[in-house]
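One line per chain: the protein sequences are A and B, in this order.
Okay, so the first sequence: first residue is 3 according to my numbering, each after it adds one.
Okay, so the second sequence: first residue is 1090 according to my numbering, each after it adds one.
Hints are not guaranteed to be accurate.
Unchecked claim - The following label-pair restraints were derived from C-beta to C-beta distances:
| no. | chain 1 | residue 1 | chain 2 | residue 2 | range |
| --- | --- | --- | --- | --- | --- |
| 1 | B | V1105 | A | G284 | 50 to 58 Å |
| 2 | A | E105 | B | L1423 | 50 to 58 Å |
| 3 | B | G1255 | A | Q374 | 50 to 58 Å |
| 4 | A | S289 | B | D1233 | 40 to 48 Å |
| 5 | A | D373 | B | G1264 | 55 to 63 Å |
| 6 | B | D1233 | A | E238 | 39 to 47 Å |
| 7 | B | L1430 | A | P86 | 47 to 55 Å |
| 8 | A | G284 | B | L1240 | 52 to 60 Å |
| 9 | A | P277 | B | V1298 | 31 to 39 Å |
| 10 | A | D32 | B | I1121 | 52 to 60 Å |
| 11 | B | V1105 | A | D241 | 35 to 43 Å |
What the hints assert, rightly or not - Now the stretches of chain A that chain B is said to cover, found in silico as 3 or more residues with beta-carbon under 8 Å:
| no. | stretch |
| --- | --- |
| 12 | 340-346 |
| 13 | 354-360 |
| 14 | 364-374 |
| 15 | 439-447 |
These aren't lab readings, by the way, just hints derived from the structure by calculation.
For glycine and all other residues, C-beta sits at the position ideal for the given N, C-alpha and C.
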Amino acid sequence: MVTTPDAPVVLSLRGIGKCFGALVANEGIDLDLRRGEILALLGENGAGKTTLMNILFGHYVADEGTIRVAGANGELVALAAGSPHASLAAGIGMVHQHFALAESLTVLENVVLGTKPLGSIKLDLAGARAKLSALMHDSGLDVDPDRRVSRLTVGEKQRLEILKVLYRGARILALDEPTAVLTPQEVDGLFVVLRRLVGNGLSIIFISHKLKEVIAIADRVAVLRGGRKVADRTAEGADRAMLAELMVGREVTPTKRLPRAPGLPRLVLNGIDVPGAHGRSGLSRVSLEVLSGEILGIAGVSGNGQTLLAGVIGGTIVPGNGELMLDGEVLTPSPRAMVRAGIGRIPEDRHHEGVVGSLSIAENLALESLDQDAVQRFGFLRFEAMRQRALSAIRDYDVRCPGPDTLIRLLSGGNIQKVILARVFERAPRVVLANQPTRGLDIGATTDVHRRLLAARDRGVAVVLMSEDLDELLALSDRVSVMVAGRLSAPMAVEAVTLERLGLMMAGQADAA
Amino acid sequence: MIRFEPRAGVPLAMRVGTSLGAVAAALLISAIPLAAVGAPILKAFGLMVQGAAGSLFAFTETLTRATPLIFTGLAAAVAFRARLYNIGAEGQLYAGALAAVAVGSGTISATPFVLVPLILIVAAMAGALLMLGPTLLRVKLGVDEVVTTLLLNFVVLLFVQMMLEGPLKDSMGGGWPQSAPIVAEGSLPVLVTRTRLHAGFLLALVASVVMYVLIARTRLGLAIRAVGENQAAARFAGIQVTRVMVLVGLLSGALAGLAGASEVAGLKGYLTADMSRGFGYAGIVVAMVASLAPLAVIPSAIFIAGIFVGADTMGRTLGVSNYIADLIVSLALLCVLVSGLFLRFRIRFG
């Protein structure tokens, strides 16, 4: 790891403060970034990381404090507040969690987009192509410049976003939760690139709440909690427990899975076939058996059919062949049938499939139970009953919100996930399908999800867990299957599985089993 | 430098204020074409207010004009809530009117208690049926309903003309392409003597309340809102999206059909091919000004009707073309669309 204590400071934040109404988002934050270093900005959801970056990038104006950036001669100059244009010109670039790409244009066109004034007649694509390929060569970021963005994988889109920033001559790169959407292999690839970039003199702010990654990649770690900076230290010698405690403000105890004798088969899939589409792998003859009181983990590199399998169990995808049985009864697949049969579903994309943003917490909680007397009578909604249900869910699941009538879109990702958990568990499901249940969540929320899933397992629920976080998968699952190219391996007892073996199997080397 | 910061929530007073502000802006901008044709602007606006609400008669004329707009406004509001963009209220209105004269102009003799509801039901069914095709094409095959409903408007209007020249032509009509009149037992009673305000207005008010209750307080209404805001999540939660969309389509078509029945049975008496002055299209503006809220459709329709009626008076008095009304209404729609931006974002300068 490169440590650069003597490198010149390229960015200096002093006393940054920002309030939104009564909420203090940032308070008295001092931060220095040196040339060629990776600074991890660590904090839970709502700790103020994103606000700080928005201030740096000119989206928000800080209530107090100053920002100075090194100019071309290395001297620190004050940055004009509230101007994204000034931040760009000062060499600050940002890659957001949600990409801002024109899907119907090519990679090259996306890179050029916005770098030329709107009125310019000639688009110097040849020059841009040369500059881009030089950048790709230097950085190790590789994307086909003529490919349409809609055909890129998530990892490729992220590489393109970084290239866009570099193309504009950024010297400071801020990455907001860059690994949240990546597979473990893609994360490793990203880290190699980041190392190379700082070697070339770039400075990187790496925003995350994943401790393992922070320790792996960062030179220095700054921890935010409740809008204040609570720690700023070198990453060397830092350990996860210590950082977790700084981040959460109290000691964190990981959840433990206690051995438990599983029961009878609950959910059985028999010879499920789903045709592949858009060059993606389909499912071929997938069979699985989940027992009452066990968690079956499903590992796999993203894009090998996990989404389809989740769709089949969740009822949104009707398989071409095969059958699905719950406690011995064959189910006709539809989301409604699955909900009614007692299959609770935690969707992969909670914003897209999980909740309706402009409906309230109470209404979102009721969505799966619209035919039940608890929600309606003679077709009319029982608002008071819905509100009471929401109040108890808010209390039981510790949803941070003003009240049951709050619109879901105003909640953070972690709190939305808590609402979805409440919706799933209040129907007392017989099976729970949890697809990437902790993606993008902070430690507190993740621990909570783990606790709920294990508690359900202990009550006899059959849990299917799909996760790209292999540590999570191995910690929670009783048995693990691996999905490769639309096929599912025979389940293995988790005690017999190591990370290495799992990785080999995910890479398609079946003989590793 | 102008920046947009998203707002967390929007209080009701602000919604109302923004809608009013948008309409005021539309009026201000429409002063430009008025000035261009050389009309005295203040006097012109004064005449408009007088023509729309200057006397009891003027106001009943505005309410009479608002009646079909409430129905078509509701038709748009309900459908748009589910992101089903029914632009075909004009055609559904004519379909409803055609059905109304088909059963109401002497073909069936019955007491008013039977005939009036029958006319309304048949008209609603005709409008609903017309919307069924585009809705099914949309939910089953993904055919854009904006195109299909819009084009059907012209098909229906030509069909109405064909019927008025053919089977439904009034033999006593002196050769004009018009239907036989609705019989007295099938007509909607006048509400205020010596005015044209008829019971259709009350029906429109009832329809607004029913739609409000449906959208805001029922299970179906919650499903409609969920489907409109996030179809994937609604489907995932087990809501039968196709069924909800079809119901919404039928409901929207039925409301537009009622507009047609109310016009022939309450106001005109018989059907002509120029009966609607673009009420179907104006209903879209009404719904947008009302932010798709069924109860707000009432004031919104009355306001837009007032512009139409007032512009008629002003046009007659000053010799200005009454197309100025269409211009003002179009400007109101544009201003409302722009004002949506102010509702969603806080605008910061500097």
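Okay, the hints, checked on the actual structure:
The hinted window of 50 to 58 Å between B:V1105 and A:G284 holds, with their beta carbons roughly 53 Å apart. Take A:E105 and B:L1423: their Cβ atoms lie about 29 Å apart, and the range 50 to 58 Å is violated. One distance hint, 50 to 58 Å for the beta-carbon pair B:G1255 and A:Q374, holds here, with the actual separation near 54 Å. Checking the proposed 40 to 48 Å range against A:S289 and B:D1233 shows it holds: the Cβ atoms sit about 41 Å from each other.
Hint check: A:D373 to B:G1264, Cβ distance near 58 Å, so the stated range 55 to 63 Å holds. Between B:D1233 and A:E238 the C-beta distance comes to about 59 Å, which lies outside the given range of 39 to 47 Å. For B:L1430 and A:P86, the Cβ-Cβ distance of about 19 Å falls outside the hinted range of 47 to 55 Å, so the restraint is violated. At roughly 38 Å, the beta-carbon separation of A:G284 and B:L1240 lies outside the given 52 to 60 Å, and the hint is violated.
Separated by about 49 Å at the C-beta atoms, A:P277 and B:V1298 break the suggested range of 31 to 39 Å. Checked against the hint of 52 to 60 Å, the pair A:D32 and B:I1121 passes, with Cβ atoms roughly 55 Å apart. Under the hint 35 to 43 Å, the C-beta atoms of B:V1105 and A:D241, about 57 Å apart, miss the expected range. Under the rule that three or more residues need a Cβ within less than 8 Å of chain B, the assignment of the stretch 340-346 of chain A holds, with 3 such residues.
Judged by the Cβ-Cβ criterion of 8 Å, the stretch 354-360 of chain A is covered by chain B as claimed, because 7 of its residues qualify and three suffice. Proximity of the stretch 364-374 of chain A to chain B, defined as three or more residues with a beta carbon under 8 Å from a beta carbon of that chain, is established by the 6 residues found. Evaluation of the coverage hint for the stretch 439-447 of chain A: breached, as 0 residues show C-beta separations to chain B shorter than 8 Å, against a requirement of three.
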